[in-house]
Amino acid sequence: MEATVAFTRTDDDRTPSVFVPVPVPKGRPRTAFHLRIRSEADVAVARRSSVPVFLLDARTVSALGYPIEFPSELVLPRWLLSAVTTAFRIIPFRSETAVLRPRFEDVALAMLSVDAIGARAILERNRDAIDPIYLLRRVVQEQVEEKATWVRFFDLVPTLPKVGRPIPKAALARKLRNNPTRESHP
Amino acid sequence: MNADTVRKVAAWIRSELSVPFVVVGGSAIERSVSIGTKDVAVLIAVGDWSSLDAALENRRDATPLDPTSGTIRGTVLTMPGGRVDVEFISGEPFSGSRPGDDFVEYVRNYRSSTAHGVRYADAGVVFYMRLVLDDWEAYAPSILRDLRAGVPEAVLEQSVEIARRFDQSSTVRQRVRFVMEKARLFEPRRE
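Read top to bottom, the protein sequences are chains A and B. All residue numbers for the first sequence refer to our numbering, where the first residue is 1 and numbers rise by one. All residue numbers for the second sequence refer to our numbering, where the first residue is 1 and numbers rise by one.
In short, the hints are calculated from the structure, not lab data. One should not assume that every hint holds.
[Claimed, not checked] Using 30 angstroms as the maximum straight-line C-alpha spacing, the simulated DSBU-like pairs for lysine-lysine come out as follows:
{"no.": "1", "chain 1": "A", "residue 1": "Lys169", "chain 2": "B", "residue 2": "Lys182"}
{"no.": "2", "chain 1": "B", "residue 1": "Lys38", "chain 2": "B", "residue 2": "Lys8"}
{"no.": "3", "chain 1": "A", "residue 1": "Lys169", "chain 2": "B", "residue 2": "Lys8"}
{"no.": "4", "chain 1": "B", "residue 1": "Lys8", "chain 2": "B", "residue 2": "Lys182"}
{"no.": "5", "chain 1": "A", "residue 1": "Lys162", "chain 2": "B", "residue 2": "Lys8"}
All figures in this text were calculated on a predicted structure; none of them were measured in a lab.
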């Protein structure tokens, strides 16, 4: 499968001259496909076809040191959003490469949308493996500076930009320390 | 924490510890949406701490309460199938200038419901409890997580109603506003 980008005329709009029809090769009628992801297995099939999608699931997050149960969410590049139908909640990424080959830093960034404390915990519990340059690049690329600041990613990578107000250090530390492998909130 | 485990913990508290309680925290939220909380938190009367301490002092299936004093103290309960963290919380931090048990009674009488013999606090109570604490900023991500999982935003307004009763409404309203701002920030944008 090869992903292509095309434009579709809306309603009765006149088509400006900058848009030209895509020629259809002789004898090979083209069928446009949508991606339909209904299960974890569908994600695996799509990935085998080099489609940039990955599933953020409890197993992966737990393996990174933050045991948790939550409904899996589908991470995909923004440009693919309109071509996917799925019942999974979606986390859009700007980086296609990070979706194709997610590193644990990317899992933490995706986790920011699900459970920000969990995102911080993933980084903290794998802090020796953090690539600070990669994390800096990815935080800026995904434009999550404010979210990252809120849960104090900058404690782990001081070069990260600080945008907005972070959770007080002591409060966050208590939250993470009280029960390192479980939730502790009332 | 699945509902079955919560019911087992509730049955254990009733039979072994003999204190009345209301399930709060993530386990109460889990009645309506799945959030994957891993402990069971229960609200108890201030006067029940001493009998709880006594009941948990020398048990084989549960550890003594830790820390040894305070308004939020926990035990680790060993059950068939694994260990469960159980947190006991008394009402003082949530009752404003009123006696701590006023909050417990209020939740029991007006802001909770019973399912399968277990009394669960409404989600508004859980959000109020998180927002009124000094450490509320560290609990705000849990609220965002719950909203994303499907708890209606109207529950935040319920938390303000509860706060009004305990003269905490201006504090909690301000914090609700903060949470709403964060919710907008964290909502994935589709461009």
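- prompt: Does Lys162(A) pair with Lys8(B) here, judged by a C-alpha cut-off of 30 angstroms?
  reply: Violated: Lys162(A) and Lys8(B) sit about 45 angstroms apart, past 30 angstroms.
- prompt: Are Lys169(A) and Lys182(B) close enough, with their CA atoms no more than 30 angstroms apart?
  reply: holds, 18 angstroms
- prompt: Regarding the pair Lys8(B) and Lys182(B), is the alpha-carbon distance no greater than 30 angstroms?
  reply: Roughly 36 angstroms separates the two Cα atoms, so the pair is violated.
- prompt: Has the given pair, Lys38(B) with Lys8(B), been kept, meaning a C-alpha gap of at most 30 angstroms?
  reply: holds, 14 angstroms
- prompt: Does the alpha-carbon distance linking Lys169(A) and Lys8(B) stay inside the 30 angstroms limit?
  reply: With a Cα-Cα distance of about 36 angstroms, the restraint between Lys169(A) and Lys8(B) is violated, given a limit of 30 angstroms.
Hints 3, 4 and 5 from the earlier list are contradicted by this structure; the remaining hints agree with it.
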